[in-house]
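Q: Listed below, chain by chain, are the residues.
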Amino acid sequence: MAESQYSFSLTTFSPSGKLVQIEYALNAVAAGATSLGISATDGVVIATEKKLPSALVDETTVQKIMTITPSIGVVYSGMGPDFRVLVRRARKTAQTYYQTYKEHIPVAQLVRETAAVMQEFTQTGGVRPFGVSLMMAGYDDNGPQLYQIDPSGSYFAWKASAIGKNMTNAKAFLEKRYSDEVGIEDAVHTALLTLKEGFEGQLSGSNIEVGVVGPNRSFKVLTEAEVNDYLQEVE
Amino acid sequence: MDFFVGIKGKDFVMVCSDTSASHSIINIKQDEDKIVPIDDHKVFCIAGEAGDRVNFSEYIIANVKLYALRNDTELNTKSVANYTRGELATALRSSPYHCNLMLAGYDKETGPALYWLDYLATLNKVNTGGTGYGSYFTLSLFDKMWHPELTVDEAVAMIDAGIAEVKKRLVVAPPHYMIKVIDKDGVRVLKTV
Numbered sequence: 001m002a003e004s005q006y007s008f009s010l011t012t013f014s015p016s017g018k019l020v021q022i023e024y025a026l027n028a029v030a031a032g033a034t035s036l037g038i039s040a041t042d043g044v045v046i047a048t049e050k051k052l053p054s055a056l057v058d059e060t061t062v063q064k065i066m067t068i069t070p071s072i073g074v075v076y077s078g079m080g081p082d083f084r085v086l087v088r089r090a091r092k093t094a095q096t097y098y099q100t101y102k103e104h105i106p107v108a109q110l111v112r113e114t115a116a117v118m119q120e121f122t123q124t125g126g127v128r129p130f131g132v133s134l135m136m137a138g139y140d141d142n143g144p145q146l147y148q149i150d151p152s153g154s155y156f157a158w159k160a161s162a163i164g165k166n167m168t169n170a171k172a173f174l175e176k177r178y179s180d181e182v183g184i185e186d187a188v189h190t191a192l193l194t195l196k197e198g199f200e201g202q203l204s205g206s207n208i209e210v211g212v213v214g215p216n217r218s219f220k221v222l223t224e225a226e227v228n229d230y231l232q233e234v235e
Numbered sequence: 001m002d003f004f005v006g007i008k009g010k011d012f013v014m015v016c017s018d019t020s021a022s023h024s025i026i027n028i029k030q031d032e033d034k035i036v037p038i039d040d041h042k043v044f045c046i047a048g049e050a051g052d053r054v055n056f057s058e059y060i061i062a063n064v065k066l067y068a069l070r071n072d073t074e075l076n077t078k079s080v081a082n083y084t085r086g087e088l089a090t091a092l093r094s095s096p097y098h099c100n101l102m103l104a105g106y107d108k109e110t111g112p113a114l115y116w117l118d119y120l121a122t123l124n125k126v127n128t129g130g131t132g133y134g135s136y137f138t139l140s141l142f143d144k145m146w147h148p149e150l151t152v153d154e155a156v157a158m159i160d161a162g163i164a165e166v167k168k169r170l171v172v173a174p175p176h177y178m179i180k181v182i183d184k185d186g187v188r189v190l191k192t193v
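Quick note, the sequences are listed as chains X and Z, same order.
Note that the first sequence ends on residue 235 in UniProt numbering; no numbers are left out.
Note that the second sequence ends on residue 193 in UniProt numbering; no numbers are left out.
The shape of chain Z in the complex, shown without the other chains (with noise of 0.2 Å):
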């Protein structure tokens, strides 16, 4: 199972996510990368049914470039979360997508921004989220944890410990993981795990 979890913070945003890739009992890889850049300041994390995650990021992000080749200017965070809300919320009577995500990134206006969409294209901008079994041990932690002028060693020693949780309670714990950070630099591998 897919543990993603992302933090914003006062001028970044954090996300972390297992490196594992499995097939049902078998652990394909440890080393996978499934933070997703869609552009230089703003990532995927997604997690649910196999092809569609591959299938459904590869088209926003084809769109988000598209977008950005047509009219010189790039999409904001707020507009590409929308704009994929919208994508699932038309698939879904039809063929719907069975992933849930989180969209983060930094836009140079409004700063950092963090939203959490679920296969029912469910919206919500968030300080703190998290998708799968992760986020049900991490969520309350994050709540005592953060306050809106989190610097970035704060939200490094949230996901650790929320990290720390997940393997002490979760059966099938993943053993590695990967954190990001994405701010006014773009997106950069803070550590692994």
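Next comes chain X alone, as it looks inside the complex (with noise of 0.2 Å):
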């Protein structure tokens, strides 16, 4: 069909209006695993899936959920080179923030600047769009926020939602159990119940990443105990 023929190049749009890279990139993180975030009264928790393709690989060597400032956690869905790349330059703009203001970055600031440098890529010729979809979760002087980067550049701050795999079914499932009176513990718990919605096989601690952050300020991704305790109490 007519789309096909604007395919090949990202910076032409398509006779629909559509920058037909960008949805060959929403279609990359749609195949990568399963990401979610939940916001908290006092607190936001990440998880994804982590999907390793042999038992051989050595699992206590992948790190999906990433540390951007002390205070703001980001995890993904889709290619893992493509987000290595964003939280190296993530973690370079709140460094530069710091050394010209001596203050942490505002986490809406932070997912400003990441999404600018993801629209960059689609418009500048010679380049391609990130095939991943960002979840940034953070807690600043306004409270605990989550948001969703996509590789359009796009960006939502989100209650509750999920990218992925199988995030339709996520959603749902999230919207049925998300309350504004949550906090973090029931969060956690919420999260690990979508998660294994979707999973094929026996949630553990080394097949899941979670990230925490609270009223600390402190993000900490937890450690396989801490997340079998809290598999224990969800089962």
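Because the hints were derived from the structure by calculation, they are not lab data.
Some, not all, of what chain Z presents toward chain X, calculated at C-beta under 10 Å:
| id | residue |
| --- | --- |
| 1 | Tyr67 |
| 2 | Thr73 |
| 3 | Leu75 |
| 4 | Lys78 |
| 5 | Ser79 |
| 6 | Ala81 |
| 7 | Glu109 |
Where a beta carbon is used, it is the ideal one built from N, C-alpha and C, also for glycine.
Using the hints, put the two chains back together into the complex; each one sits in its own frame.
A: In structure tokens form, the structure reads like this:
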């Protein structure tokens, strides 16, 4: 169809007004492992499936949830190497801000700057869009916040959301279970239950990753043992 | 020579500057307001090279305003102080700004703050400060009179004493001064001497 004739160049619009490369980038995201985030009254939790290509992979060296600043963490669905590049840039942005103002960058501003980078790669010659959607979670003076950033560079603040393979079912599940009064502990339980919905096999601390930030403003990736504890509470 | 002093009180900051604008031996005007507002709750007192003072203060003020517009939130005093220091530091080894300055501000969350910066990009948070010849005569006086629960009236008394000392001992003492105070209600002129 006529669409595919315009799918070669990122910077060319198709007749229906789409940038087809961005659509394809979103396909790459939808093929990636499920990730989700839930914003609670006193914190945010993000979690992802850690689907490894083989049992021989040393899973202790694989880290999908990354800390950008002590108060902000991020997880992705899509292409891992693209994620690493964005994490590098975001960390630098955050440190530059700190060096200028000697204060930590607010979450919304970091999201905006990172989204601007992703947008750049949809309007520059010779590059392709990033094949990841990001879930950024942080706690600053405006409280706990959760943002999704897409390959197009558009970003949304969410109370709860999911990206990746099972996102429609996961979002439906979250919609039913989410309430404005939920606290962090409940949010972690809900996150685990949501991951369980679409998971093939048995959830354990070694095949999922969970990151939490609370009123102490310290983003932490939970250890395998901590995740297993939460899983026991949920069973 | 410009005279600036600043005093941090219990819930306010007070700054005083002389109000003469001069070029070499001529007084151009005697009622110049040299305490420049950055926003509703912060001011700069900048002394030094004539062109650099205005150029530098306008540059910082514009960037502070840009931040506020972009991010729908104002910078606090500490951030502005560190940002200003950073700009002085960056320019230092190419084309330095020859200014000594003080930044006085009031933040809702953390209260009053007074910062002292010099042309070498030094930054210090202080309770009392001053630039120029005036500071040489007033700082030890302020050390004696300052305490953490300082009220507005006590601070005015300190500044009056400082001005009297300067007029007594400095050969080229400026004749007129302006005192401003910054608190939760913003910046206002307290009195002119």
